[in-house]
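Chains A and B, in that order, give the protein sequences.
Note that our numbering has the first sequence beginning at 1, numbered continuously upward.
Note that our numbering has the second sequence beginning at 1, numbered continuously upward.
Don't read these hints as lab results, they were simulated from the structure.
Note that the structure is a prediction, hence the values are computed from the model and not measured.
Wrong hints could be hidden among the right ones.
[Said to hold, decoys possible] With beta-carbon atoms standing in for the labels, derived distance ranges: (1) B:E313 <-> A:K106: 24 to 34 Å; (2) B:E325 <-> A:G86: 27 to 37 Å; (3) B:E190 <-> A:N10: 25 to 35 Å; (4) B:G148 <-> A:I78: 29 to 39 Å; (5) A:L58 <-> B:T224: 52 to 62 Å; (6) B:A336 <-> A:L58: 31 to 41 Å; (7) A:A120 <-> B:S227: 46 to 56 Å; (8) B:P147 <-> A:C24: 54 to 64 Å.
Think of the CB as a built atom: it goes at the ideal place given N, C-alpha and C, for glycine as much as any other residue.
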Amino acid sequence: MAVARFWRENASRYNLIGTKCGVCGRVYFPPRSVCPTCHRKSIGKMEPFKLKGEGEVLTYSIVHEAPSQLEMQKPYVIAIVQMDEGVRITGQIIDVELDELKVGMKVRTTLRKVSDDGAAGVIHYGYKFMPV
Amino acid sequence: MDVGIVSYGAYIPRYRIVPQEIGKVWGTDGEAMSRNLYILSKSVPGPDEDVITIAVEAARGTLRRCGVDPKRIGAIYVGSESHPYAVKPTSTIVAEAIEASPNMTAADFEFACKAGTAAIQCCLGLVGSGMIEYGMAIGADTSQGAPGDALEYSASAGGAAYLIGSKNLIAKIENTVSYTTDTPDFWRREGQDYPSHGGRFTGEPAYFKHITSAAKRLLETMGTKPSDYDYAVFHQPNGKFPMRVAKQLGFTDQQIEAGLLTPFIGNTYSGAVPLGLASVLDVAKPGQRIFAVAYGSGAGSDAFDISITDGIEELDRSAAPSIRELVERKKFIDYATYAKYKNKIKLKEAIE
Ligand SMILES: [Zn+2]
Numbered sequence: 001m002a003v004a005r006f007w008r009e010n011a012s013r014y015n016l017i018g019t020k021c022g023v024c025g026r027v028y029f030p031p032r033s034v035c036p037t038c039h040r041k042s043i044g045k046m047e048p049f050k051l052k053g054e055g056e057v058l059t060y061s062i063v064h065e066a067p068s069q070l071e072m073q074k075p076y077v078i079a080i081v082q083m084d085e086g087v088r089i090t091g092q093i094i095d096v097e098l099d100e101l102k103v104g105m106k107v108r109t110t111l112r113k114v115s116d117d118g119a120a121g122v123i124h125y126g127y128k129f130m131p132v
Numbered sequence: 001m002d003v004g005i006v007s008y009g010a011y012i013p014r015y016r017i018v019p020q021e022i023g024k025v026w027g028t029d030g031e032a033m034s035r036n037l038y039i040l041s042k043s044v045p046g047p048d049e050d051v052i053t054i055a056v057e058a059a060r061g062t063l064r065r066c067g068v069d070p071k072r073i074g075a076i077y078v079g080s081e082s083h084p085y086a087v088k089p090t091s092t093i094v095a096e097a098i099e100a101s102p103n104m105t106a107a108d109f110e111f112a113c114k115a116g117t118a119a120i121q122c123c124l125g126l127v128g129s130g131m132i133e134y135g136m137a138i139g140a141d142t143s144q145g146a147p148g149d150a151l152e153y154s155a156s157a158g159g160a161a162y163l164i165g166s167k168n169l170i171a172k173i174e175n176t177v178s179y180t181t182d183t184p185d186f187w188r189r190e191g192q193d194y195p196s197h198g199g200r201f202t203g204e205p206a207y208f209k210h211i212t213s214a215a216k217r218l219l220e221t222m223g224t225k226p227s228d229y230d231y232a233v234f235h236q237p238n239g240k241f242p243m244r245v246a247k248q249l250g251f252t253d254q255q256i257e258a259g260l261l262t263p264f265i266g267n268t269y270s271g272a273v274p275l276g277l278a279s280v281l282d283v284a285k286p287g288q289r290i291f292a293v294a295y296g297s298g299a300g301s302d303a304f305d306i307s308i309t310d311g312i313e314e315l316d317r318s319a320a321p322s323i324r325e326l327v328e329r330k331k332f333i334d335y336a337t338y339a340k341y342k343n344k345i346k347l348k349e350a351i352e
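Kindly produce the complete structure, drawing on both the sequences and the hints.
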C-alpha cells in the first residue's frame, strides 16, 4: 500500500480515533465525514472521537490460509469486537491460545506491526486486540 | 527543584524459550549453560513485535497510571540497540502513538545496554533546567545473539518507560553520575545481523570495572553506604554478574532480589535496568531508597540514587500490568518456533 495513504491514517490507526455524530451521538470507526443515519444534518457536525480501546469479542474466525503478510502468524484469529462505545471493529486477536477463544471475552487494543513493504520498505503499525 | 519519576510502565513479550531447548539444537549442554548464566528462560518477541511496539506499550501504561496529558510531554527519547529502522526514529512513532506529537522534541539513543538510562539522564537535565515540563525516557530492545553463540542463551526482549518531571513525583532522583571509557568489549558493525564480543574481555575490565567505578563515585558523592539503601538494581546480562557485583560493592542478595529479572526473562539490554527498577517501584513504599547502576558496552555506567516519595501511594499502579504479572504471562516455545519468530530462517521472497 502507498506510504502516503498509510501515513495519513496513522493517527486513527494508532490511537483508534473515530468520529462521533454531533446530531445523534453515534460513534464511527474508521472515521466518517457524514453520519449514515443523519445524512445531511450531520455535515459539519462530525467530531473526532477517541475510543478507549476496550471491548468484547462478538464473533471470531480462525484463519488457516494467510495472506503473505500474516504467513508467519498462521493460524491466526480475526474477530469482530464490540467496543465499549458501541462501535464494532474487525481486527486480529493476538497473544491468545486458540482453545481459550470465547465469544464475550474481554479484549483491549495494543500496537503491533501490521505489514511492511519488504525488507527495505516502510513498516506499518496499527491496532490489534489482546485478551485483558 | 526536585526532579524525578512521575510514572512508569513496562512491557515484556509473552514468549519464552529455555536454555535446554537452545542447547539441544547446537549440541551444547543447555542445562550447564542455564546454571552457569543463572538464566532459567528468556523472553522472545512475537513476529509482529519490535522495539517500537514494546516502547509504545510501556509508554501507554505509564500514562494510564498517572493521567498526565501527553501534550505536556516536551521530549521523548528511546534508547535501544535494536531500533527497527537504521534511519527513521523510533521516538517519532512512539510520540504519535501516545498523542504527544507535534509540539515536542524526540530522538533515538544508542549506547548498548545503557541507552535507556542515558535517556533518563537527558530528561532529568531538560526538566531540571526548565526547558520542558515532562520528558519520557524509554529503554527497550529485541536483542539478537548469533545462532549457537553464548549470547543466544541470554539476548531477549522487553522495555520500560519513565515519565520524568518535577511535580507529583513518585520517586525523587537525588543524584546521578556516570563513568565512561573507550572499551571494545561488545560491538556490532552497521549492516551486521549479529553482534560480536570480546569473550573474557566482557567481564572484569568492562562490566565490573565500570559498574563499581560509577557506584563508588555515587556513594562518595552522596556520603552513603550500601546499607543505606533498601533496594539495589544492577545491569544484568545474566543472572550471575549482578549478584557478584553487588557482593563486591557490599550489597546483599536481599537488596537485589526485587530487581533481578534476568533469570526469568533473559537480558533485555536497554530494557534491563529500566525493567529491574520498575519491578522495585511495583513494591516500593514511601521513604525507601534505591541504588541503580546500568552498564552499556563500549563502555559506560550510569548510577542513580532514588528516594521513594509519598506520591507513590497516589499513583494508580494497578492501571498497568506489574512486572510480576508480565513475567508470569508466558508461553514456552521450541527452537523451531523461536527461529521462525526471530527471522532466523531463510525464506522465499514471496513470504517476505
Ligand atoms: Zn447521526
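Q. Hint by hint, which ones does the structure fall short of?
A. none
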